[in-house]
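A.B. asks: Chains as they are written, first to last, in our numbering: chain A, 1 to 328; chain B, 1 to 532.
Calculated from the structure, these hints are not laboratory results.
Here the structure is a predicted model, which is why all the values come from computation and not from measurement.
Any given hint might turn out to be false.
[Said to hold, decoys possible] Quick list of in silico lysine-lysine cross-link-like pairs, DSS-like style, CA-CA up to 25 Å: (1) A:Lys115 / B:Lys352; (2) A:Lys138 / B:Lys257; (3) B:Lys365 / A:Lys138; (4) B:Lys288 / B:Lys201; (5) A:Lys121 / B:Lys257; (6) A:Lys126 / A:Lys138; (7) A:Lys138 / B:Lys200; (8) B:Lys257 / B:Lys308; (9) B:Lys151 / A:Lys138; (10) B:Lys464 / A:Lys228.
[Unchecked claim] Here are some chain B residues pointing at chain A (derived, C-beta under 7 Å): (11) Ser106; (12) Asp162; (13) Arg357; (14) Leu372; (15) Ile431.
Note that beta-carbon positions come from the ideal geometry of N, C-alpha and C, so glycine has one too.
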Amino acid sequence: MKLLKLVPDNTNIGFLQWRLPFYIVSLLLISGSWALVLTNGLNLGVDFVGGQMIRVTFVGQPEVPVAKMRKEISALGYGDPIIQSYGGSNQAAIRVKLPAGSEQKPDLANTMTSKIVDTLKADHPKIRIDGIDSVSGKVSSELFSKGLMALGFAMVAISIYIWIRFEWQFGVGALFALFHDTSLTLGFFALTQLEFDLNIVAAILTIIGYSLNDTIVVYDRIRENLKKYRKMPLPELLDLSVNETLARTVMTSLTLLIALIPLLIFGPASLFGLAAAITLGIFIGTYSSIYMAAPILIWMGVKSDSFVPTETREDRQERLAREGGARP
Amino acid sequence: MLDFPRWKKLWLWGLVLFVSVASLPTIVSLSGGQWPASLPSPKVNLGLDLAGGSQILLEADPHQIVTQKLETMEESVRTKLRQASPAVRIGDISTKDDKLSFMVSSPADVDRARELLTPLINGAGLTRDWTLSVVDETRIVLTPTPESLAKGLDQAMDSAKDVIDRRINAIGTLEPTIIRQDTDRIVVQAPGQQNPEALKKLIGQTAKLEFKLVDMNALPSDVAAGKAPPGSEILPYASSSRFAGQSIAVRRLGGIKGDNLTNAQQGFDQQTNEPVVNITFDQQGADKFARLTTENVNKPFAIILDGKVLSAPNINEPIRGGQAQIAGGFTVDSANELAIALRSGALPVDLKVIEQRTVNPELGKDSIRSGLIALGVGTGLILLFMLVTYGRFGFYADGALVLNVLMILGVMAVLNATLTLPGLAGFVLTIGAAVDANVLINERIREERRRGRRVLQAVETGYKEASRAIYDANITNVIAATLLFLFGQGPVKGFAVVLVIGVITSVFTAVTITRMWVAGWLRRHRPSEIHI
């Protein structure tokens, strides 16, 4: 049986010759993402801004009476609800944000939820409440700061690990690639206005983890080749390393996609955002390990002897003895 | 690389077998079957988002602890100084700004007061619960120490947890989890409970019952304006009461608290037939109650629940025997609720619901089903993909992947971990990533073969060289997942747990187990050519 080979043997693609234009594009994308985040903002879910999200199903009805429901909830005086489709056509997620300045009223979210649920149940006897999330302003701001802290600490901790295992230039490179991935993902959420909740923070941390997988596999090969080909110019060596690991990169990204696409199609509706974020992250992460994490090593001045261990006298004698023995 | 001693093989197979067997009860119950009760069944718990149920997060107001401490201290100080001989006369008592301050008549009394109060301000052991300072020569200021406040809050939260436990047990049918979180929070999880309102009603009521004398000297105009005469406080009537919307002045100190109850039952008033709550005091409470009612016959006293006046009946005759009746416009249900709350004790602090999450069990079931479909389809495709790409080596990788799934479930079952909805996503993701190690190894073997190495050497180099990248890459994943666990909350924690376990088991199965298989095959057949 002939085995499948997605990437031909001995590829020799000149990835690094495009490093400058790609860097410019990426820097533009990063700034664009942040500009979007700052101007458009993220569509923060109740986890982060407080308020409630109530998921309902209208049993035996073809559609959600959106307009009627909006009127009923608005009449309660907590502001206009955001009604999104959720799962089937007779299912909806209703979000009402906490009014500004409600941090001092810890039970406001709770009272709001009770009133909205009571109203919905009274006006629609056939409604089924599938889920309620009600978060007070205090908890939501805590969740937000903890989420940001988790992201920040993860980036720093991972970079330190890489710095210890490789060289400082590699740590900086990894940190930059992580910053790139996180920025672009945030930009994506600012652009699409998909809901940004705790699950998405989990998704971003996962993206960070797997983008690093790629980066480390490439870095590991660079380290190996630096020891092996001491005279090779760095850009050439980076190209070689990326080419050598290309088959693995493509294969792994594919298996991840194979796992994720069923999750996007068949998985529970509430995991759509998470799955979408990770799917996007796989593409961004693979790209950044090749075009962001590798070229930066050139500009940071990685030298070919970075990983050559300094030889002690004993080692040298031992090596000479061994080589002498091998070659009669 | 071919060298796999027998003990190592036995050990590896034993471990694999153990965790795989441990995963069986979970697999059977997830697929809708019934695991025989006679067999041991370590099972993966389903999070509330998959099992359905309610979770509420309650937070105490730590400031209440200060207020309570000040109130108790005020009573103690008054009693102590009055009972001394000769009595120390004090005046201008205030409990503002979280401190208790009062004046004594002359500087000479300060030293005596200090001496008398020493036993009150010292805590157990060498700790000091209050600091005493003197300002303007005759004013004594008592401030609770931060340590004693922290201890007070800690004790209050512990007993609040017990109270909640008793209240939930009183209605039966639930298997709740009640956990203290941080310093001032309690999480209540009730699987299967779909109606968070009932849960909140049951828990949210402080059920602090007090009996205080009505201040008959207060001017109605002052009461209406909310101005309390010295030594009194203005309290509103409860909304269920006949006088809802009005207020009443009651004496601040000298009342009775509901701490000494032994029983509370819903009943009916014999004359009006309206629902009431019958309460019974213990000996100490009965004595206090008898004394208060004897001394104040023909005066009204207020029955106060959670700071609201239920009713203010006249004391017609001294009440001895420790039995009393609480009326106040109840329905049978609300009287019953109050009886349960009183029986299980008052919450030492008010608790407010600051977060609530509820999932309908139907939705949970749908999520599990769609999650499992996604998992099944994804796994199937990956198994096929690995097989067509790497042939025999892909087959080994597939075996490792299946073992990995069983191991994750088994390890989670043994650790009694909880599977949440994002955890399910983490699971799917781990499956996608689990083959990465084998991809790295197999690609390396391909490469080494291309460079002309012999089969055995190529396989050996493949495993050796790839391992370094595999470990480095997976440790960074563990770092990310650990931080997710530390800072994440609820379901996200569940995601992190699955990720960490998945990373560890996948490295184990993909590197160690497949190497054992590959080594066994190579040794038996000594092939000079491999298909990879």
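A.B. asks: Hint by hint, say whether it matches the structure.
C.D. replies: Cross-check of the supplied hints:
Taking the CA atoms of Lys115 (chain A) and Lys352 (chain B), the gap is near 17 Å; set against the 25 Å cutoff, the hint holds. This hinted pair does not check out: Lys138 (chain A) and Lys257 (chain B) have alpha carbons roughly 32 Å apart, beyond 25 Å. A distance of roughly 32 Å separates the Cα atoms of Lys365 (chain B) and Lys138 (chain A); the hinted pair therefore is violated under the 25 Å criterion. With a CA separation close to 31 Å, the supplied pair Lys288 (chain B) and Lys201 (chain B) exceeds the 25 Å bound.
Straight-line distance between C-alpha atoms of Lys121 (chain A) and Lys257 (chain B) comes to about 40 Å, which puts the hinted pair past the 25 Å bound. Restraint check for Lys126 (chain A) and Lys138 (chain A): not satisfied, since their Cα atoms lie roughly 34 Å apart, outside the 25 Å limit. Using a Cα cut-off of 25 Å, the hinted pair Lys138 (chain A) and Lys200 (chain B) holds, with the two alpha carbons roughly 19 Å apart. Of the supplied pair hints, the one linking Lys257 (chain B) and Lys308 (chain B) holds, its CA atoms being roughly 14 Å apart against a limit of 25 Å.
Restraint check: the Cα-Cα separation between Lys151 (chain B) and Lys138 (chain A) comes to about 24 Å, which is no more than 25 Å; the hinted pair holds. For the suggested pair Lys464 (chain B) and Lys228 (chain A), the alpha carbons sit about 16 Å apart, so the restraint of at most 25 Å is met. With a cut of 7 Å, the hint placing Ser106 (chain B) at the interface with chain A is violated, because the nearest CB-to-CB distance is about 45 Å. The beta carbon of Asp162 (chain B) comes no nearer than 23 Å to any beta carbon in chain A, farther than 7 Å, and the hint placing it at the interface is violated.
Checking Arg357 (chain B) against chain A by beta carbon gives a least distance of about 5 Å; that is within 7 Å, so the hint holds. A hinted interface residue such as Leu372 (chain B) counts as satisfied when its beta carbon comes closer than 7 Å to some beta carbon of chain A; here the least separation is about 9 Å, so the hint is violated. Proximity of Ile431 (chain B) to chain A holds as hinted, the smallest CB-CB distance being about 5 Å (cut-off 7 Å).
Checked against the numbered hints given earlier, this structure breaks hints 2, 3, 4, 5, 6, 11, 12 and 14; the rest are met.
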